[in-house]
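Asker: Protein chains in written order, with our numbering: chain U, 1 to 348; chain Y, 349 to 456; chain H, 457 to 820.
One thing to keep in mind: the hints can contain errors.
Computed spacing ranges between beta-carbons, pair by pair [unchecked claim]: (1) PRO713(H) to VAL201(U): 51 to 59 Å; (2) THR204(U) to PRO713(H): 35 to 43 Å; (3) ASN367(Y) to ALA564(H): 49 to 57 Å; (4) GLU745(H) to ARG359(Y): 48 to 56 Å; (5) THR297(U) to PHE420(Y): 37 to 45 Å; (6) THR204(U) to SER369(Y): 49 to 57 Å; (7) LYS147(U) to ASP757(H): 18 to 26 Å; (8) PRO713(H) to GLY365(Y): 52 to 60 Å; (9) PRO74(U) to ILE358(Y): 20 to 28 Å; (10) GLU509(H) to GLY224(U): 24 to 32 Å; (11) VAL726(H) to LYS147(U): 57 to 65 Å.
Don't read these hints as lab results, they were simulated from the structure. In this text, a Cβ means the ideal position worked out from N, Cα and C, and glycines have one as well.
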Amino acid sequence: MTQPTGAVCPIPLSRYPSVVMAHGGGGRLMRDLIEQVFVRAFAPNRGGHLHDATVLNAPGTRLAMTTDGFVVRPLFFPGSDIGELAVFGTVNDLAMSGARPMFLSVSFILEEGLPIETLERVVGSMSHAADSVGVSIVTGDTKVVEKGRCEGLYIATAGVGVVEHGLSIGPGEVRAGDAVIVSGDIGRHGIAVMGVREGFVFETEIRSDCAPLWSPIRALLEAGLEVHCLRDLTRGGLASALVEIAESAGVSIAIDEARIPVIEPVRAACEILGYDPLHVANEGRFVAFLPGDQAATAVDILRDVEVSSGACLIGSVGSGDIGEVLMETVGGVRPVDMLSGEQLPRIC
Amino acid sequence: MCLAVPGKVIRIAEPQGPNVSPLMRTGSVDFGGVVKDVNLAYVPDVKIGDYVVVHVGFAISTMDETEAQEVFEYLRQMEEAGDLGPDVPTSEASMLPHGAPSATAATQ
Amino acid sequence: MRFVDEYRRAEDARRLAGRIRQIVRSPWTIMEICGGQTHSIVRFGIDQLLPEEINLVHGPGCPVCVTPIEMIDRSIAIAMRPEVMLCSFGDMLRVPGSSKDLMAAKAAGADVRMVYSPLDAVELARSNPDREVVFFAVGFETTAPANAGAVEMARVSGISNFSLLVSHVLVPPAIEAILGAPDRAVNGFLAAGHVCTVTGCVEYEPIAERYKVPIVVTGFEPLDIVQGILMCVEQLERGTHEVQNQYARAVRYEGNPTATALVNRVFEVVDRKWRGIGVIPMSGLRLREEYAVYDAERRFDVAAVAADESPDCISGLVLQGLKRPHECPAFGTACTPERPLGATMVSSEGACAAYYRYRRRPTH
Numbered sequence: 001m002t003q004p005t006g007a008v009c010p011i012p013l014s015r016y017p018s019v020v021m022a023h024g025g026g027g028r029l030m031r032d033l034i035e036q037v038f039v040r041a042f043a044p045n046r047g048g049h050l051h052d053a054t055v056l057n058a059p060g061t062r063l064a065m066t067t068d069g070f071v072v073r074p075l076f077f078p079g080s081d082i083g084e085l086a087v088f089g090t091v092n093d094l095a096m097s098g099a100r101p102m103f104l105s106v107s108f109i110l111e112e113g114l115p116i117e118t119l120e121r122v123v124g125s126m127s128h129a130a131d132s133v134g135v136s137i138v139t140g141d142t143k144v145v146e147k148g149r150c151e152g153l154y155i156a157t158a159g160v161g162v163v164e165h166g167l168s169i170g171p172g173e174v175r176a177g178d179a180v181i182v183s184g185d186i187g188r189h190g191i192a193v194m195g196v197r198e199g200f201v202f203e204t205e206i207r208s209d210c211a212p213l214w215s216p217i218r219a220l221l222e223a224g225l226e227v228h229c230l231r232d233l234t235r236g237g238l239a240s241a242l243v244e245i246a247e248s249a250g251v252s253i254a255i256d257e258a259r260i261p262v263i264e265p266v267r268a269a270c271e272i273l274g275y276d277p278l279h280v281a282n283e284g285r286f287v288a289f290l291p292g293d294q295a296a297t298a299v300d301i302l303r304d305v306e307v308s309s310g311a312c313l314i315g316s317v318g319s320g321d322i323g324e325v326l327m328e329t330v331g332g333v334r335p336v337d338m339l340s341g342e343q344l345p346r347i348c
Numbered sequence: 349m350c351l352a353v354p355g356k357v358i359r360i361a362e363p364q365g366p367n368v369s370p371l372m373r374t375g376s377v378d379f380g381g382v383v384k385d386v387n388l389a390y391v392p393d394v395k396i397g398d399y400v401v402v403h404v405g406f407a408i409s410t411m412d413e414t415e416a417q418e419v420f421e422y423l424r425q426m427e428e429a430g431d432l433g434p435d436v437p438t439s440e441a442s443m444l445p446h447g448a449p450s451a452t453a454a455t456q
Numbered sequence: 457m458r459f460v461d462e463y464r465r466a467e468d469a470r471r472l473a474g475r476i477r478q479i480v481r482s483p484w485t486i487m488e489i490c491g492g493q494t495h496s497i498v499r500f501g502i503d504q505l506l507p508e509e510i511n512l513v514h515g516p517g518c519p520v521c522v523t524p525i526e527m528i529d530r531s532i533a534i535a536m537r538p539e540v541m542l543c544s545f546g547d548m549l550r551v552p553g554s555s556k557d558l559m560a561a562k563a564a565g566a567d568v569r570m571v572y573s574p575l576d577a578v579e580l581a582r583s584n585p586d587r588e589v590v591f592f593a594v595g596f597e598t599t600a601p602a603n604a605g606a607v608e609m610a611r612v613s614g615i616s617n618f619s620l621l622v623s624h625v626l627v628p629p630a631i632e633a634i635l636g637a638p639d640r641a642v643n644g645f646l647a648a649g650h651v652c653t654v655t656g657c658v659e660y661e662p663i664a665e666r667y668k669v670p671i672v673v674t675g676f677e678p679l680d681i682v683q684g685i686l687m688c689v690e691q692l693e694r695g696t697h698e699v700q701n702q703y704a705r706a707v708r709y710e711g712n713p714t715a716t717a718l719v720n721r722v723f724e725v726v727d728r729k730w731r732g733i734g735v736i737p738m739s740g741l742r743l744r745e746e747y748a749v750y751d752a753e754r755r756f757d758v759a760a761v762a763a764d765e766s767p768d769c770i771s772g773l774v775l776q777g778l779k780r781p782h783e784c785p786a787f788g789t790a791c792t793p794e795r796p797l798g799a800t801m802v803s804s805e806g807a808c809a810a811y812y813r814y815r816r817r818p819t820h
């Protein structure tokens, strides 16, 4: 560990096992934290600098930008952690516009007392995730708050990507007759996190489906498919994504419950809690809307990519102009709605 | 009332030690791949491999596998009889499941 | 999931429903009295399978919905005490009291914890000896053994910082209240399957006899509910009024004697007020004198606030099956799950909430 020079008490960083208020003070201690934790992880081979702002050289002229915040508890859960979630979550927002993710900024709110080792684990995970997708974390910020003011750490991000296709992708492009495809089974992330919090033991551990989604999107675009709309499924689950699109586009969407993939332990956990799998959070799944006659091709292409290997056609866009989602179930058709607030487990 | 879910008993822990009560008998129940600890005090005769119905952490009943087949047996008979005839059923073709007591029958 | 999936096959449900269509000759009103059955019917669209002659109505089968407003207020008052950790099932947390719900109390600083089992609350009491842990014990007969078990567990374990705020209700008196009402329209009942795993079917016999209504103890999956309705319609068409057990795979006619023994040792039957209906005699449970030390109402001196329901809320009529949710002028407009006027819209088992989520327009 480098010893800072000067008349201050020369305690090496390695002797601070946890974050102290001074790490957010803007002084040497903060700079040391940045150099030894963040730069080391995010920019080891890029001249070792993270500035307040970075000028980016981006090919092409259509850019997509997004921002997001990550406050998940616990910080580490089966299959992922807050760091990986922050990178993939941001990347996925960009991917849903059909944009190739390129640059990320990250802002950390650290709680006094957070072990540096924990921070290093999170940051290492972010670095690994960024490398796996080919994005660069180019700038960042750090703040420290007193113990009790945040739960360990919060991460806020912004992401920039390049749009290299000529399509317009969004709810406004959705048409009657479009196929609705989901990229895989739903509900893993929410149940994985809930399982840790509530002490469920799974025979086969339920791992969060947190994953980057640019590869399958790129595959669809490169195949020349006419993608109309994409939406990643996060909080609020499949239901919220479909309802938002239906209302935003002013279309009716019809789905078939029997076609919606849910793995058995997730279904069982939902039964026990009284949850509806349609409302459970995901982190590595998306829905795609494209012309009905391209559906079969799209499903084949998606199934060839690992993260969307469970893709299937679940429904279609109807000809009605009321923004609603209807689902074929055991006895007939019923409306699907968004969650009103939080999903609460029930006893009845 | 009442969300209760069926699961298979895979482990039973008899309480040990000086100050025990049958109330402390617990076990592990497998619900389609989710395993949870469940209080088994109210199903004293349950064995490993039995299915129980669990409500808020307590097993309140065991599943009778024979009775569980009844409705499928009935559906099979419906199919054999040729489903959709116009006649009102006689009492022989009654929907009463096998062995289900009625108020007028002798008490079980 | 075994004993679940096989009872959800659409084809089988439709075939059973076809049988109802075959045999029905007259219009019948059948009431189910279980929030879980309401939820299942609306979620799986089961009423869409039924012929027009069958009018399915929902009764007061949601213990969350029928918890009196002053009990909510009492739970909030107890939760606001600094030494108290108030534990509750999830669906109680957003039921409105006079001015707020337990979620709002939590946001205001009360220590409110969501638990899945009363045993979780006992465990919290064991690991937090310096706090007073109070469990909001709401439920029908299905949940009474769990609550009785929790109190008994605390007693034999020597845990004294644990108490129950009891708001337990019983089903048969509610059925009698509905059947005894002068304008009752109900011809037959589906009794709640899980309640009967505990109580058995016997106590429904005098009701079936006195009021001449068929009562079918029914499960919760689509096949169960359609078969239960089928059995009820059969009886109605031939003019019988027996108690039948559709849910025989889980319900023994005599119930669960071990469970009822402990419930009877810990609790006694008292009059209870049902939100939206009023006082029904001998329809609730209270901790017996020997267990008084575990009774939060006796342990904490909380002044009860006399609360008025919103004048626009017709929960009471909905709970008695006299009105359907979409017949309420406030349904979906002034009263939604985000801004509920009454408990039937808040509780995920409440008829209004179920209709709002899964219906929002009448099917007949």
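Asker: Can you give the numbers of the hints that this structure goes against, from lowest to highest?
Answerer: 1, 3, 4, 6, 7, 8, 10 and 11
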